[in-house]
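Undergrad: Dock chain Y against the given chain P, drawing on the hints supplied.
Listed in order, the protein sequences are those of chains P and Y.
Whatever position you read off the first sequence (first residue = 1), add 29 for this note's numbering.
Whatever position you read off the second sequence (first residue = 1), add 1 for this note's numbering.
These aren't lab readings, by the way, just hints derived from the structure by calculation.
Just so we're clear, the structure is a prediction, and the values are computed from it rather than from any experiment.
Cβ coordinates follow ideal geometry from the N, Cα and C atoms, glycine included.
Treat the hints with caution; some may be incorrect.
Under 10 Å between C-beta atoms, here's a sample of chain P residues computed to sit facing chain Y [stated by the list, open to error]:
| id | residue |
| --- | --- |
| 1 | LEU93 |
| 2 | LEU105 |
| 3 | SER123 |
| 4 | CYS126 |
Result set (BS3-like, lysine-lysine): computed pairs, CA atoms no more than 30 Å apart in a straight line [claimed, not checked]:
| id | chain 1 | residue 1 | chain 2 | residue 2 |
| --- | --- | --- | --- | --- |
| 5 | P | LYS84 | Y | LYS9 |
| 6 | P | LYS125 | Y | LYS98 |
| 7 | P | LYS59 | Y | LYS41 |
| 8 | Y | LYS41 | P | LYS84 |
Among chain P residues calculated to face chain Y with C-beta under 8 Å, some are [unchecked claim]:
| id | residue |
| --- | --- |
| 9 | ILE83 |
| 10 | MET97 |
| 11 | LEU103 |
| 12 | ALA104 |
| 13 | HIS106 |
| 14 | ALA121 |
| 15 | PRO124 |
| 16 | LYS125 |
| 17 | ARG127 |
| 18 | GLY129 |
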Amino acid sequence: MSMQTTIEEKLASEFDVDFLQVENESHMHKVTPGSELHFKVTIVSNSFNGQMLIKRHRMVNSALQQEMQQIHALALHTLTPREWQARSGSVADSPKCRGGGK
Amino acid sequence: MDVLDRIKQQVETYPVIIYMKGTPQLPQCGFSSRTAEALKSLGIEFAYVNVLADPEIFQNLPRFADWPTFPQVYVDGELIGGCDITLEMHDSGDLEKITTAALEKAS
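Only chain Y is shown next, with the shape it has when bound in the complex:
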């Protein structure tokens, strides 16, 4: 499967998914770490892809969403942003709202 189709399938399959450097348990970048922590703090189920372990995704994800950096968080198939946006939305309560809605929609 073409890598862009593979990414599309992932973001459409998982209501909440983070593309990060490392894993939520062992993040390898401060930005990825903080973003995964924000998701973990919500106590919700979320999927992750370690882009360091998947060079094809590492190279192609930026053009998939026209977004140049990692991490990237997708909710209900849409990119919400990287570390700074995810944290801002976490602080405002919006992150909890949209992730809860996406998980309910998928269940």
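Next up, chain P with everything else stripped away, as it sits in the complex:
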């Protein structure tokens, strides 16, 4: 199973998800084509209601604990359905690589 699918399935089973998008952004970095190292996750869930951002990110990091060992970067946008609606369903783009590697 691809890393992208693993991340999608783990998050979908862990959270009551209204919207979930997992994007492989590895192509934005200097890595071998087809790599699965840089991801961007947009997740909209009622599980985040009343939680500070740091808590929400901790919840996702914890759900992906195993995967975090293997991937290099995870851009994370955690929203409640209400916040998602207020933003008309958009989140910031991820930054360009600066070559810092490890």
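TA: Using the frame of chain P, we list chain Y on its own:
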């Protein structure tokens, strides 16, 4: 000094500190770059540690705060988050509020 004590001392000494890849002048990662830019845009004084130049901190910072990635921003001794959270707080105005409060408290 034990590395975890060293980190603890840093975050408690500096009201605003970023652990990043590279330096604010020469960032070596897009996420670190954006986060440092957000801090710079506030016109405040902040400290930084280049984790690429300090392998011990690079290896141990994630377990210090149970936070797996870089950059990490600490305000008043507490982790506020990484790139995405810092940018969101910058957009909402919260970053300016908490950093100003931390700097005033320390002065």
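Undergrad: Could you run down the list of hints and mark each one as holding or not?
TA: Structure-based check of all given hints:
| no. | hint | verdict |
| --- | --- | --- |
| 1 | LEU93 | holds, 9 Å |
| 2 | LEU105 | holds, 5 Å |
| 3 | SER123 | holds, 7 Å |
| 4 | CYS126 | holds, 5 Å |
| 5 | P:LYS84 x Y:LYS9 | holds, 21 Å |
| 6 | P:LYS125 x Y:LYS98 | holds, 28 Å |
| 7 | P:LYS59 x Y:LYS41 | holds, 27 Å |
| 8 | Y:LYS41 x P:LYS84 | holds, 25 Å |
| 9 | ILE83 | holds, 5 Å |
| 10 | MET97 | holds, 5 Å |
| 11 | LEU103 | holds, 7 Å |
| 12 | ALA104 | holds, 6 Å |
| 13 | HIS106 | holds, 6 Å |
| 14 | ALA121 | holds, 7 Å |
| 15 | PRO124 | holds, 3 Å |
| 16 | LYS125 | holds, 5 Å |
| 17 | ARG127 | holds, 5 Å |
| 18 | GLY129 | holds, 3 Å |
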